[in-house]
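Protein sequences, first through last, are from chains A and B.
Going letter by letter, the first sequence gives residues 1 to 105 in my numbering.
Going letter by letter, the second sequence gives residues 1 to 105 in my numbering.
Hints were generated in silico from the structure; no laboratory data involved.
The beta-carbon is built from N, C-alpha and C at its ideal position, and this holds for glycine as well.
One should not assume that every hint holds.
Stated by the list, open to error - Chain B is faced by these chain A residues, among others (derived, beta-carbon under 10 Å): (1) T77; (2) S86; (3) T91; (4) A103.
Stated by the list, open to error - Computed list of chain A residues with no C-beta within reach of chain B, every gap over 12 Å: (5) G23; (6) E24; (7) E62; (8) P65; (9) V67; (10) E68.
There are 2 protein chains.
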Amino acid sequence: MRGLLSTIGDKWTLVVIASLTAGEQRFTNLLRGIDGISHRMLTKTLRDLERDGLVTRRVHAEVPPRVEYALTPLGRTLLGPINALSEWVGTHGRTILENRDSALK
Amino acid sequence: MRGLLSTIGDKWTLVVIASLTAGEQRFTNLLRGIDGISHRMLTKTLRDLERDGLVTRRVHAEVPPRVEYALTPLGRTLLGPINALSEWVGTHGRTILENRDSALK
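So here's chain A without its partners, still in its complex pose (with noise of 0.2 Å):
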């Protein structure tokens, strides 16, 4: 199981699983709102979250097609241990930078 650890607890799954907290978002809304992703990588995410059964994928019937991304239930447990990912950031994140600045000197 540890190394499912690995494949969730990977860096854009993350942070793209965070991004669809606030609901159906479009590819290009993501590319656009995630900082240093790229579209190879996006596309990438997106199609594993779809196969783990933690994203859907709908595909409105327009020309051209609009297609838009959603957590499932499944999905949506996730944000549990993701929003205490974040707290933690949010507490410690300045220590870290911190200490990357004087790492660098």
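Dock chain B against the given chain A, drawing on the hints supplied.
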């Protein structure tokens, strides 16, 4: 700060910190205990964790020198979110693996 979530939420960061829960450990023990991590990646992850102030590196004056890694008090504060993620994997891991299997069919 979300940039920090993606660095802290990095897959090897979480697994290396989880592996140090048991206490001070040598590099070779960590390498053997963490499935799929390379020597290079473990070296980089430990160096980043040391830079961030989450891990200490102690060199024992022996021949050859013995090097051990341990969590700092700041590093220990990350165990809460990591345990929440590990519990999530424990609860939902089987469902994820089943979803992956059915995606292959």
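Q: Take a quick look at P65/A and tell me if its Cβ sits farther than 12 Å from every Cβ on chain B, holds or violated.
A: holds (22 Å)
Q: Hey, is G23/A genuinely clear of chain B, shortest beta carbon separation above 12 Å?
A: holds (18 Å)
(Q) Verify this label for me: V67/A is non-interface relative to chain B, using a Cβ-Cβ cutoff of 12 Å. (A) Holds, since 18 Å exceeds 12 Å.
Q) Against chain B, with CB atoms and a cut of 10 Å, does the hint on S86/A hold up? A) Interface hint status for S86/A: holds (6 Å vs cutoff 10 Å).
Q | Proposed interface contact between T91/A and chain B, which counts if any beta carbon pair is under 10 Å | A | Where the cut-off is 10 Å and the nearest Cβ of chain B is about 8 Å from T91/A, the hint holds.
**Q.** Given hint T77/A near chain B, where the shortest CB pair must fall under 10 Å
**A.** Check passed: Cβ of T77/A comes within 6 Å of chain B, closer than 10 Å.
**Q.** Given as non-interface: E24/A, partner chain B, CB spacing beyond 12 Å
**A.** holds (20 Å)
Q.
Is the interface hint satisfied for A103/A? The criterion is a beta-carbon contact with chain B at less than 10 Å.
A. holds (4 Å)
Q) Would you say E68/A is clear of chain B, with no C-beta pair closer than or equal to 12 Å? A) Since the minimum Cβ distance to chain B is about 20 Å, E68/A lies beyond 12 Å and the statement holds.
Q. Against chain B, does E62/A keep a CB gap of more than 12 Å to every residue?
A. Holds, since 27 Å exceeds 12 Å.
Of the hints listed earlier, there is not a single one the structure fails to meet.
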